[in-house]
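Since the structure of chain A is provided, determine the placement of chain B on it from the hints.
As you go down the protein sequences, you meet chains A and B in turn. Residue 1 is where the first sequence starts when you use this note's numbering, and the numbers rise one by one after that. Residue 1 is where the second sequence starts when you use this note's numbering, and the numbers rise one by one after that.
These are calculated hints, taken from the structure and not from any lab test. Careful: at least some of the hints might be erroneous.
Residues from chain B that face chain A, not an exhaustive set, calculated with beta carbons under 7 Å [claimed, not checked]:
1. Asn247
2. Ala345
3. Pro348
Some chain A residues flagged as far from chain B (calculated, every beta-carbon gap over 10 Å) [stated by the list, open to error]:
4. Phe32
5. Glu37
6. Val174
Glycine is no exception: its CB is placed at the ideal position from the N, C-alpha and C atoms.
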Amino acid sequence: MKTDIILCGVGGQGILSIATIIGEAAMNENLFIKQAEVHGMSQRGGDVQSNLRISSEPIHSDLIAKGGADVIISMEPMEALRYLPFLKKEGWVITSSTPFKNIVNYPDMEVIKSDLQQLPNLIMLDIEQMAKDNGIARSANVILLGAAQKALGIEYEKLQEAIRRVFGRKGETVVEANIKALALGKDAQK
Amino acid sequence: MKRQLLLGDEAIALGAIHAGLSGVYAYPGTPSTEITEFIQNNPLARERGLHSRWSTNEKTAMEEALGMSFMGKRALVCMKHVGMNVCADPFVNSGMTGVNGGVVVLAADDPSMHSSQDEQDSRFYGKFAMIPTFEPSSQQEAYDMMAKAFDYSEQQKLPVLMRVTTRMAHSRAVVNVSEEPRKENELNYEAEAKNWVLLPANARRRNDYVTAQQAQLEDEAEKSPYNIYKDGTDHSLGIVASGIAYNYVMENFPEGCPYPVLKVSQYPLPKRLVRQMLTECERVLIVEEGQPFIEDMVRGVAEMPNVLGRLDGTLPRTGELNPDVVRKALGMPLGECFDPCKDVAPRPPALCQGCGHRDVYAALNEVLREYENPRVFGDIGCYTLGFLPPFRAIHSCVDMGASITMAKGAADAGQWPAVAVIGDSTFTHSGMTGLLDAINENADITVIISDNLTTGMTGGQDSAGTNKFEAICRGLGLSDEHLKVVVPLPKNMPEITQIIREELSYHGTSVIIPRRECMQTLQRHLKQNKAK
Chain A
1 MKTDIILCGV GGQGILSIAT IIGEAAMNEN LFIKQAEVHG MSQRGGDVQS
51 NLRISSEPIH SDLIAKGGAD VIISMEPMEA LRYLPFLKKE GWVITSSTPF
101 KNIVNYPDME VIKSDLQQLP NLIMLDIEQM AKDNGIARSA NVILLGAAQK
151 ALGIEYEKLQ EAIRRVFGRK GETVVEANIK ALALGKDAQK
Chain B
1 MKRQLLLGDE AIALGAIHAG LSGVYAYPGT PSTEITEFIQ NNPLARERGL
51 HSRWSTNEKT AMEEALGMSF MGKRALVCMK HVGMNVCADP FVNSGMTGVN
101 GGVVVLAADD PSMHSSQDEQ DSRFYGKFAM IPTFEPSSQQ EAYDMMAKAF
151 DYSEQQKLPV LMRVTTRMAH SRAVVNVSEE PRKENELNYE AEAKNWVLLP
201 ANARRRNDYV TAQQAQLEDE AEKSPYNIYK DGTDHSLGIV ASGIAYNYVM
251 ENFPEGCPYP VLKVSQYPLP KRLVRQMLTE CERVLIVEEG QPFIEDMVRG
301 VAEMPNVLGR LDGTLPRTGE LNPDVVRKAL GMPLGECFDP CKDVAPRPPA
351 LCQGCGHRDV YAALNEVLRE YENPRVFGDI GCYTLGFLPP FRAIHSCVDM
401 GASITMAKGA ADAGQWPAVA VIGDSTFTHS GMTGLLDAIN ENADITVIIS
451 DNLTTGMTGG QDSAGTNKFE AICRGLGLSD EHLKVVVPLP KNMPEITQII
501 REELSYHGTS VIIPRRECMQ TLQRHLKQNK AK
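For reference, chain B alone in the conformation it holds in the complex:
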């Protein structure tokens, strides 16, 4: 055993490598990005030649992992919670096909939306797809669970969903790691077509099988070493705490908890253990990070005044937990503290000084001032910050790729001018198909692909389409006449505004690509070159 100080994400990554991983498939997304980055830079992963290049989106990632599993090897898929929506099709259907080599799908949820557009709880996906779900409560458990999850996946012949949240992903702790990594699986041909070809006849049989398997999965969860029922001396209250919520409970009892505590880290929910607590304790407090997933199941439709949690207001209905809100729910007095300082001003994030997106918005705003009711459909990335002052330049940001398709829908409704602003990585992630829709109908929209040659918001990962954007647009059928490339710099403002004006006045689909490297990656590259 070796002690290492690791981020939760790094513990997951190292746990996977040590569990005999053959490939990680992922699209960057906070708070999951560091898992894949760790594997990309890990010496053992490099020595073994593990697959670790970024995928174009979460759906391609999930399918690539399934292909690796089909051939008998172990694959990890990583994404932020909203990525689960993108890969929902292969994810849910992987519950039907099952796996050959072990598959672990890692979803990093972001309660309180530190870097996200919603607070969805990925555990619902596990239940929905009938896929067993793990939820580690510490970095050590995250590391240990990886080996267990891959073994379990192969034993049950199902993928395993591992759900973490921001504070686990982005918090460091000392982790004891193995010095004897497991070998990778050998290629095998055991995957059977009758399970993997989801024609209705096969799918019905698989659906019956996997549905029947659920009782066994629940039984396994009852016996799991990660689901621990620890009795207490005071049965006036019992506490069910899942994942890292367990830590916030225990933080408030440095001398040990007097109440029985059921720590839940493996699903399906171990119902027998929950029933035991309901029988043995006068009231039960359910503490979980994210949405009231367990609580909703426990309450069902019955009136249960003895159940406390997010749904009755004992804990906040939304938002991330912390030691203080849990303390309050436990009915314990809060410690003495200073009042918030009234002179502190908010400091929201902003586009970097010198960032090319700034020049894009400056030019766009200048031109759009000439129109009565322009609408700009934004997308997911640093450039979403264009909503904030001083630009106030975008009117929407919904999901990856929605800028182009929403602009088209608006144009279909009669809006003009309708502009889409999308980044290079987001465009290849989910914008290309929407652009094909627009081009096929020659929709009256102007698409700006603001190309900074990287996936910027998540820290500068490779972008799948770099050097290919003109070719992609042409390939989708866009004419050269309405495909323009500019360099977004203040000195080029007259040229850029002129081009935007021309393309807005063209009543069909046009694409403008402002292209200049991200300031963050530029500085990194300059530093690297200096070091050489």
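For reference, chain A alone in the conformation it holds in the complex:
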């Protein structure tokens, strides 16, 4: 198996915690992993992305080629569009629908939505509202992970186990909130 993933959002939105869970699940399956992250200046409210590659064969490049990503997981709708040239024509975009407006020239949300809806494989979720409604406000990003499960090609149970290992130290409440978030995302898959 081989899955190339772009995780993106705005600095501070916590895309790396999704990467940690996927990485943990992949490690446990003895897969090869490469995960290029953005550290430094961009983390201050700028656009951030991480190239995450998992494969049963050795991986050479830390970066994904254009047209190579199987899935884009985005914490922010406009940020999902930023990386479109890297997406396979039949790739998936899994994104939060909530804009993060820290720039004055943020485009009209209707335009962004319509651009997204033209894509063949899109899941757009109001993860913040979903998380709030279910009392798991701090686990909103894991809803996206659940919604990406099929596109990632990782078994649901493996992601559950990875969450237990990653959040185990933080106690059962945190683990359960994230398991619930994962389930909410899974149910939202098409």
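Frame of chain A, contents of chain B only:
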């Protein structure tokens, strides 16, 4: 062997600990910061009591490491590429003294300048200082090479420069790590004064010795297991690929590369292997991350139409490589992909909401509006973002500490008002000496040391001067009358603007210290306290 998912920086750090390191010396700088942070938090490093506190700058770091080496122990020095400029004096001269305990100098280059002011390639420093240079191509190699680099340093009695780039430093991969770490070296007294006292008579002898040693270093590079010549079936092209550039080449040949490939990860350049490729292949493509270091050597001054690379436009002349630009250079068709979305707006980084630097710039801008031609000399840190809207507050940012000295030079030229804005960590890194120049001449400048009690831009590392800034300024000879401390908050705006006005109108050197904790570290501290 144990499998661990590690950042390149973490693989380097763990490799060093497992190689019997006794101390890491570093100043934070993207993309090198995580190496020292990893060592600070590593259980074995703590158990062994390895030195891992931040140094004041890269020069002090390099010299401290040399001192540790002098006593026979292994030391690692880490910095971003521009840090090499700061430690160039001890670095180049460490090539003359040589080492006792192994020394590895890790320079993390930042092609495409993700978080830097230039794209300089540290391999030039290795060549210039006649110091052998390693350039790992994967996280695993980075881990493995650390042990080799320390052994090699002690075997050759020279420091080793290890050069990585952003994508290696900040990319994770599965690394097989040893479960039997080497012990630290014992203290010894083998360092000889005749090598370490670089008086001209000694230095001339050492210079002859190290210069003569270069042939042997090149010979070692020819035999190095990290420099691999893999023959191919198609000799119409040969590829020389160094460091992580090798990965971008191989990414484009999932079934294996038909052309001969020379992977270079140890310098001096193994010239014989390069000549072999030039003889056996019709054309040679040179793929390297950073500046055309190998390519320039291969071309020399000869016309070489059969050599392809960054200098003839086959690859972009500047900027970071990726699988696509390498694919294009290989003459292979690019895959089908979506066009860039025209509705996406740029999202540049910005100062955090609630950040004290914001209040400093708001106050400074308000006051400077009253002057005809004010000039504000900026420095390196989060507050460089004060150049961007909405503040547009600074006119320069060159290198660590240049705000104060450039303001002084401008004042010397007749500029008034001349203001310097510098952060607390940058001030102790390279601003103090410049302030002494200003105070000694009572230069007509106003220096703002915007103190957020941390090294903010790199993620909140300890800042060397915390709680000492007033004492430092007084010690440098500044009078109390023109040393002011304020708390940068919107509610204090009248007081801050008043103080700035007063100090601008004083025709001599004054220092204003706005002091309030960084929002990032504040949130971290609040979380930690809550957890307690």
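### Query
Does the interface hint hold: is B/Ala345 within less than 7 Å of chain A, judged Cβ to Cβ?
It holds, given that the least Cβ distance between B/Ala345 and chain A is near 5 Å, below 7 Å.
#### Entry: 10 Å Cβ clearance of A/Phe32 from chain B
It is violated; A/Phe32 is separated from chain B by about 6 Å at its closest Cβ, not greater than 10 Å.
### Query
A/Val174: least C-beta distance to chain B exceeds 10 Å?
The claim holds: A/Val174 sits with its nearest Cβ about 12 Å from chain B, beyond 10 Å.
### Interface hint status, B/Pro348 versus chain A (Cβ within 7 Å)
With a closest approach of 6 Å, the B/Pro348 hint holds.
### Message
Please check whether B/Asn247 passes as an interface residue: C-beta within 7 Å of a C-beta belonging to chain A.
### Response
Because about 4 Å separates B/Asn247 from the closest Cβ in chain A, which is inside the 7 Å limit, the hint holds.
### Check on A/Glu37 being off the interface with chain B, judged by Cβ distance over 10 Å
5 Å, violated
Consistency with the previously given hints fails for numbers 4 and 5, ordered from lowest to highest.
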